[in-house]
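S.K.: The lines below spell out each chain.
2 protein chains.
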Amino acid sequence: MNTTELAALGQQLRVDSVRASAAAGSGHPTSAMSAADLMAVLLANHLRYDFERPGHPANDRFVLSKGHASPLLYAAYKAAGAIEDGELLTFRRLGSRLEGHPTPRRVPWVETATGSLGQGLPIAAGIALAAKRLDRTGYRVWVLCGDSELAEGSVWEAAEHAGYENLDNLIAIVDVNRLGQRGPTRHGHDLDAYARRFQAFGWHAIETDGHDVDAIDRAYAQALATTGQPAVILARTLKGKGVASVEDREGLHGKPLPEAEAAIAELGGPRTTHVRVSEPPAAAAPRPVTTEALQLPAFDVGEEVATRDAFGKALAALGGARGDVVALDGEVGDSTRTEEFAKAHPNRFFECYIAEQQLVASAAGMAVRGWVPYASTFAAFLTRAHDFIRMASISGLGINLVGSHAGVAIGQDGPSQMGLEDLAMFRAVHGSTVFYPCDANQTAKLVAAMASLDGIRYLRTTRGRTPVVYGPGEEFGAGGSRTLRSSEDDRLTVVAAGVTVHEALAAADRLAEDGIRVRVIDLYSVKPVDADTLRGAAEETGCLLTVEDHHAEGGLGDAVAEVFADGRPGPRTVRLAVRTMPGSAAPDEQLHAAGIDAAGISAAVRLLVEETVAR
Amino acid sequence: MNTTELAALGQQLRVDSVRASAAAGSGHPTSAMSAADLMAVLLANHLRYDFERPGHPANDRFVLSKGHASPLLYAAYKAAGAIEDGELLTFRRLGSRLEGHPTPRRVPWVETATGSLGQGLPIAAGIALAAKRLDRTGYRVWVLCGDSELAEGSVWEAAEHAGYENLDNLIAIVDVNRLGQRGPTRHGHDLDAYARRFQAFGWHAIETDGHDVDAIDRAYAQALATTGQPAVILARTLKGKGVASVEDREGLHGKPLPEAEAAIAELGGPRTTHVRVSEPPAAAAPRPVTTEALQLPAFDVGEEVATRDAFGKALAALGGARGDVVALDGEVGDSTRTEEFAKAHPNRFFECYIAEQQLVASAAGMAVRGWVPYASTFAAFLTRAHDFIRMASISGLGINLVGSHAGVAIGQDGPSQMGLEDLAMFRAVHGSTVFYPCDANQTAKLVAAMASLDGIRYLRTTRGRTPVVYGPGEEFGAGGSRTLRSSEDDRLTVVAAGVTVHEALAAADRLAEDGIRVRVIDLYSVKPVDADTLRGAAEETGCLLTVEDHHAEGGLGDAVAEVFADGRPGPRTVRLAVRTMPGSAAPDEQLHAAGIDAAGISAAVRLLVEETVAR
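Sequence order for the protein chains is A and B. Going from the first sequence to this note's numbering is simple: count from 1 and add 4. Going from the second sequence to this note's numbering is simple: count from 1 and add 4.
Quick caveat, the hints were computed from the structure, so don't treat them as lab data. The structure displayed is predicted, hence computed values, not measured ones. Treat the hints loosely; a few may be bogus.
Identical chains blur together in the list; that is why a pair holds if it fits in one copy or across any two.
Stated by the list, open to error - Straight-line Cα separation of at most 20 Å, SDA-like style, residue types lysine to any residue; simulated pairs: (1) Lys347 <-> Gly571; (2) Lys347 <-> Glu251; (3) Lys136 <-> Asp536; (4) Lys347 <-> Arg144; (5) Lys347 <-> Leu612; (6) Lys347 <-> Pro61; (7) Lys347 <-> Pro112; (8) Lys136 <-> Gly59; (9) Lys347 <-> Gly324; (10) Lys136 <-> Pro61; (11) Lys259 <-> Ala62; (12) Lys347 <-> Gly327; (13) Lys136 <-> Phe55; (14) Lys136 <-> Ser100; (15) Lys136 <-> Asn170; (16) Lys259 <-> Trp113; (17) Lys259 <-> Pro532; (18) Lys347 <-> Glu56; (19) Lys136 <-> Ala482.
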């Protein structure tokens, strides 16, 4: 498109953004208007995308990081002929797929959900990494950012990652409209301030007038010609550009234009230009295929093996069987044992250094492209990426997250390193699966099972060695459990997972010597839980005692309680959990101090059994 | 101290780090050894600190961001005469206050817990901000960082914040030992790479040999002489410096030295030099005092007021009555209503822009210094700061966090903006308090009550207006609840909080017309919960129906269930919660689609009542 056509297209995108927001009675048209020319030039002259084949392997990828500018995205879809005007005007209504912030669940051209600022660039960096090292079909990744969101550390985590990885297929466009939600940004229109920052992280920075379509065109061309480093286009723009009453004015963020009809007229009225978006190149790489039969590691019953070790070996084995499995590390691969995968499959291993947001964002970006990522760090440090995990669930992405060093059982390192709230965090993620295995064979089976589940899958592993209690032939999966001790005389049921399974077994055996029989359930699938087994145990033994190496809220105790919120009278239940702040001590001392070791369990059982007798 | 003395002190700190780790059988001596000379020069020649009066208002503040180098910190305490050698050797043992990573709960000279990397600099920036704008006693804030942790985005969020705020009282020291946990860092010994990044964010960067005590001394002097901008000292060091068998070698992170005795000899053997640390200046500013009686805003029953509005007004009022209250905003103060405080008390208002980790870190830093911070953003975006919240609880800090725009009730903006996992996150924080008020007067009282509680306090507010149901004279606090509908004929109890209280009341009134009486409890204190009231309701009505605008896990339903994990038979319970992924729609449509509006509650009640009859 030439200058006149591009300028007209920019106005059309503004008009449609204003119309959509007016129809909705809400939305962020002024944030769309500042970026309209940037979007017009991209769509008409540079993006390579087949809207009829969003899955085309050589399609460029576009991420709208400033997700609140969604009317601009939908206006562009209309201009590209992907949606009709009638649908555009369903924006933000019940049932419409054109949501306030874009999500890929129902709109096939959206790569990832945005709306939590500072996530678009990190995820785009993940896609670009997949493009460069995995897909290799030559596509470019474009991400349109706001200037306000550059205050997020996650942006600089991504800048560092992309710069270090020389992602010259990644182009960030920053709509520097100088106004945030409540007022001016830190740096206003000082493009140099942003350029210095990106350059320091190894990027090629290009400054441009964001309303001069020819200048924008040249900037994109320069960005595409950049090799060996990612490029950022810093575009000086005006919020609400094109309508004098709102242009460059504070206090108008997230509000439809006060007089939409007059604004549309001022913008030149409705237009219906259709853009012929460039086709992607025909070349398309085949997807990786299964390379060999899955040979999971097998461990002997009674052997002492840390579940983190089993995870590392199982992941390496899975990587051999499935060419689509990739692994990501937060610079603790020697501790999480992801290093096993790194050794076996170095081309599918990604070191993300100590940057947990980028770790999860990279995994998300790879999942966007159909890869099956396993991202690992200490369980405690996954809390750093909570918002990214939440957003990945909104995207409907399937990613595997593995947290090692869970609970007080880690010992001397103290509370900063103990995952004690990870189960609560992951249970509350929509559609998630949460596994907490107690032995090596179970871990191996769950590592393999995770790969094929939907949504966010979490596996919690343990630092220290625990005895293998299951044979390598046993099967485990979502919603399962194992009853490890059971008799007709069981006085109650101990429900445990991970390290506490072994404490429960020791307690059960000790109590049995005194004639007190208790059932022991290994509830390795914390979400979904095996409701039938728990109900059966409650009916048959009358009381459930949950024991978890986790805070008392949101973990195993809550998971068990949820089963009994079914309108029927609940069983007797008691919870053992970590209720005090731990310090440094040996693992067995920690479990004892928290009252979740065999001694603590035995004492609780005796108390409950005596209470029952007393009644 | 002169060159010889400083060098000897560095060796002493190394020896004591090796000894402490050897005694513990674990720890990170090589990470301590690289920074020993940096610490020696700081302690002997630049730090102004009275170890006998850690609360001295003019004491410099020191934060060990690389918390795993704790033996170095404890060795410095010994050199300063603050602890004895015997205590040093209790490192990492059960009951010792010298934990694997430093925590301030028991060690008076530790400002904040560290061990989750990338948090020291953000919190130090918060302390420095308090120093400059609140305390004004002239102290400096020193923070010793590792090089690995510079990969964390939170470090650059802090760099941006400190640069923009011209915090020339903040000095970061980076121990560039080039080795992370599993291998080399991204930039190795390339000090320039780090210098470029800090300079881009407005810092003065100084490069030095981190083992040349005179050079270090000059670097500190230069940093102290820097005005108008924060300073960073980038020190080239060797991990394990001083012991040839471990110096600059990979694979030795987090391990005691293999041959401790030989290493100690190589380092010149034990020394017992005591350092006379400089006294802080005598000047000490008085703490702020109560300036006027608290006049909370009062709202008329029946009036329609958003609880976020009530929060804003109450916080401004509280700021008038308490001079120690400060407010922090994540660039959404117009939405959270923190802007009310900003207008009333601009000197105690801190804009943190869209940087939620720094928002919470700044609050933590101010709490370290005795201020009472209220930090606010959307509930959903507080997940971004989860790891900082977790660490603040380990520090034992009292901070108030306020999340607005909770739940599907926000309406059209869609799931990225909806806090649907915040209750789960905050309940699982050790020692936390969680409030979710339903009306304006209740909100105001809870805003005031929060200020005096221990630990992490969370208040969840609502975007839309809700009717005022309580008079301004009613009192509310931690562990409370209100029974809003009650009769002797109640067939069950609806337990609600926030927006769902109003839906529950509407349902109760509708059902009453059909002769079905239900009790309604407003469980505004989600943690701790009012166990007695819930137990009484369970006994008297036989069934509890919880209704929450939150995912089904970790929130109100789980909080109620926890009450009944007391070893006694549980009541009948049923949960209504958000179980599907919302899209865009009006607030009432959202509540209806999630089944948590009056219609959904009524339908559930009828089903439960019929079931009871059928039995």
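S.K.: Run every hint past the structure and note whether it holds.
M.R.: Taking the hints in turn, this is what the structure says about them:
no.: 1; hint: Lys347 <-> Gly571; in the structure: neither (52 Å within a copy, 50 Å between copies)
no.: 2; hint: Lys347 <-> Glu251; in the structure: neither (56 Å within a copy, 26 Å between copies)
no.: 3; hint: Lys136 <-> Asp536; in the structure: neither (47 Å within a copy, 60 Å between copies)
no.: 4; hint: Lys347 <-> Arg144; in the structure: neither (29 Å within a copy, 46 Å between copies)
no.: 5; hint: Lys347 <-> Leu612; in the structure: neither (50 Å within a copy, 57 Å between copies)
no.: 6; hint: Lys347 <-> Pro61; in the structure: neither (29 Å within a copy, 53 Å between copies)
no.: 7; hint: Lys347 <-> Pro112; in the structure: neither (36 Å within a copy, 45 Å between copies)
no.: 8; hint: Lys136 <-> Gly59; in the structure: within (17 Å within a copy, 54 Å between copies)
no.: 9; hint: Lys347 <-> Gly324; in the structure: within (12 Å within a copy, 61 Å between copies)
no.: 10; hint: Lys136 <-> Pro61; in the structure: within (13 Å within a copy, 54 Å between copies)
no.: 11; hint: Lys259 <-> Ala62; in the structure: neither (37 Å within a copy, 48 Å between copies)
no.: 12; hint: Lys347 <-> Gly327; in the structure: within (15 Å within a copy, 58 Å between copies)
no.: 13; hint: Lys136 <-> Phe55; in the structure: neither (22 Å within a copy, 55 Å between copies)
no.: 14; hint: Lys136 <-> Ser100; in the structure: neither (35 Å within a copy, 50 Å between copies)
no.: 15; hint: Lys136 <-> Asn170; in the structure: within (10 Å within a copy, 40 Å between copies)
no.: 16; hint: Lys259 <-> Trp113; in the structure: neither (26 Å within a copy, 50 Å between copies)
no.: 17; hint: Lys259 <-> Pro532; in the structure: neither (41 Å within a copy, 39 Å between copies)
no.: 18; hint: Lys347 <-> Glu56; in the structure: neither (40 Å within a copy, 52 Å between copies)
no.: 19; hint: Lys136 <-> Ala482; in the structure: neither (34 Å within a copy, 54 Å between copies)
Hint compliance for this structure: hints 1, 2, 3, 4, 5, 6, 7, 11, 13, 14, 16, 17, 18 and 19 are broken, all remaining hints hold.
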